[in-house]
Amino acid sequence: MSKIARANVFERKGHYLGPDTAVLRYYARGMNVCRAIYKYAVATRVSHWLWVLAFGALVSSGLQIFNAAPFLDAFDRRDQSHRVLSIDSPQDGVGTTTLFGHVFTTTTWLGWTPNGMGGYASRAFPSWITIPSFQDLADGRRWHFFFAWTALVAWLTWLISSAVKGNLRHILLAPSDIPKLWPMQAYYLHLRKAPPPYGLYNPLQKASYTAVLFGLAPLVVLTGLSLSPGIDTIAHPLTWILGGRQFARLWHFTGMILLVGFWLIHVFQVLTQGVINQLMSMITGWYRPEEYQTVPVEHR
Amino acid sequence: MKRRAFIARNPAFNRLLSSVELVNHALIGTRGLAQTYTMSEISPVFPIESLPTPADAKYRDLVASHFRNYRLIVDGAVEQPAALSLAQLHSMRQISEITRHDCVDGWSAIAKWSGVRLADVLALARPRRDARYVVFYCMDTDERGTPYYESLDCHQANHPQVLLALRMNGVPIPNDYGAPVRLRVPTQLGYKSAKWIERAEVVGSFAHLYGGDGGYWEDQGYQWYAGI
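Residue numbers (this note's numbering), protein chains in the order written: chain B, 1 to 300; chain F, 1001 to 1228.
Okay, chain B solo, but in the shape it has when bound:
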């Protein structure tokens, strides 16, 4: 018993999975000892959950804002020939979505949808996905701007804290990771028995986190800022580079779709790769790499 109790508090700097030094902890699991790795710093965990909150609020309130002008144009002059997407209700009871000139009937999902007050209305996105549920642009904007700041502050906190601690190298895709991308994908597709050797994050994780945290997230922030006439007065080139305000709106929406795509894959991965271990590690910081492989106490 005392041996296990001691194992419970045993903690040391050690080598784990490659050259990165990580903090390991051994703890009791029945008569065996389990290994855990300190994977997520406090700033990472807090930022992660703030992003979860902010992302949900931003997407929902963003769709509310979109509903006020349910189309996307690739031009600043109003011009139907430059219309990329429009969601309409040509008559009561019918919803249509027009993408690059192709018309799809999307009644009850897009165009003619629940109005948040017990009925249906001519409304691009349905009440179950918007904040607030009923049509209210003013409320949607208030939520959007508050949670945009929340997400930005969380991103900066994570970035600065990770950079100061030297942890960014764990997550940034390095040139040496590129040859490992396909072997990792092959492993996921069951074409390969073992994954290539990697550190805290596998090469595909590094690629997607790098793309999201340093590509998509800044893109969505910048395209969002360029929609603002006030920002336009202090940063002309921003709107100009993006091709105008309407084009920026198109990029902002596209960035949101890509982020939702990342979110779907991310949630799928978490659900299929030991959901309890994954969720607990993002709360406590401690991740058990081999959940069911325990080391007998005497072997420690």
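By construction, these hints were calculated from the structure, which means they are not laboratory data.
You may find that some hints are simply not true.
Away from chain B, derived, C-beta distances all over 12 Å, residues of chain F [claimed, not checked]: (1) Y1037; (2) Q1080; (3) P1081; (4) S1085; (5) D1102; (6) L1124; (7) R1126; (8) A1131; (9) D1142; (10) P1174.
Residues on chain B that point at chain F, a partial pick, calculated with CB under 10 Å [what the hints assert, rightly or not]: (11) F66; (12) L137; (13) R142; (14) W149; (15) G166; (16) N167; (17) L227; (18) T233; (19) R249.
Here a beta-carbon is modelled for each residue, glycine too, at the ideal position from N, C-alpha and C.
Start from chain B and add chain F according to the hints.
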């Protein structure tokens, strides 16, 4: 749905959400200039999304007399209140600018606007020391009879691109676009660019006016600082 509506209507929560408006205003400031465009970039169609064009007897008479009897009242906390006719406004220095109108809904449209700087009109009236805002009273009302109004602070009102516009794309402003005088605030969202203006009152505070939030849309929850 009900729960989300409850949260959205909670006053303390709304104050928290609105707190970033002050940050946005402070960070962006009021000195920057809106982008200007070329004649070839003017929108072929300029949408109309405001309260309906006034249809009451007063406005009909103004239209019938080609706005000869129109007077822009400038009063409130000023040394020299004024009632300016269109001829007087036209005799002042005219400024033209091709700027983008950004609607809060999400669309934009570019047009050429000409008229007098609001700053020049205010200089005529000489605001007193206690002046902080200019409130614009408009001739349009909603279906419940609530009149449209807007307000700018003194920094915004003295911005060189803020115009009392008299002409749009080279012709007198069409009735549906705010004839005879409308405000143009290209540095903020479209709802600040009030149409059909009949009076500009210089005040120390707008808290006592209508809903108390400084504008028709502001009274319905939209941001007073409309730069975002």
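The hints, checked one at a time:
Consistency note on Y1037(F): stated as away from chain B, yet its beta-carbon is not over 12 Å from all of that chain's, at 9 Å minimum. Q1080(F), annotated as away from the interface, keeps every beta carbon of chain B farther than 12 Å; the closest lies near 31 Å. Even its closest Cβ contact with chain B, about 32 Å, leaves P1081(F) beyond 12 Å, as expected for a residue assigned away from the interface. Separation of S1085(F) from chain B is adequate, the least Cβ-Cβ distance of about 32 Å exceeding the 12 Å criterion.
Taking the minimum C-beta to C-beta distance to chain B, about 5 Å, the non-interface status of D1102(F) is violated against the 12 Å cut. A cut-off of 12 Å between C-beta atoms confirms that L1124(F) is not in contact with chain B; the least separation is 26 Å. Listed as a non-interface residue, R1126(F) keeps its Cβ farther than 12 Å from every Cβ of chain B; the least gap is roughly 28 Å. At roughly 23 Å from the closest C-beta of chain B, the C-beta of A1131(F) stays outside 12 Å, upholding its exclusion from the interface.
Annotated as non-interface, D1142(F) keeps its C-beta farther than 12 Å from every C-beta of chain B; the closest such distance is 15 Å. Against chain B, the non-interface label of P1174(F) holds: every CB pair exceeds 12 Å, the least being about 17 Å. Satisfaction of the interface hint for F66(B) is found here, the shortest Cβ-Cβ separation to chain F being roughly 7 Å, below the 10 Å cut-off. Hint status for L137(B) relative to chain F: holds, with the closest Cβ pair at about 7 Å, below 10 Å.
Given the 10 Å rule on beta carbons, the hint for R142(B) holds: about 4 Å separates it from the nearest Cβ of chain F. Annotation: interface hint on W149(B) holds; nearest CB of chain F at approximately 5 Å, less than 10 Å. Checking G166(B) against chain F by beta carbon gives a least distance of about 31 Å; that is not within 10 Å, so the hint is violated. Evaluation of the N167(B) hint against chain F yields a violated restraint, the C-beta minimum of about 29 Å exceeding 10 Å.
Because the closest C-beta pair between L227(B) and chain F is about 8 Å apart, less than 10 Å, the hint holds. For T233(B), the interface hint holds, the least distance from its beta-carbon to any beta-carbon of chain F being 3 Å, beneath 10 Å. For R249(B), the interface hint holds, since its Cβ comes within 10 Å of a Cβ in chain F; the closest pair sits about 6 Å apart.
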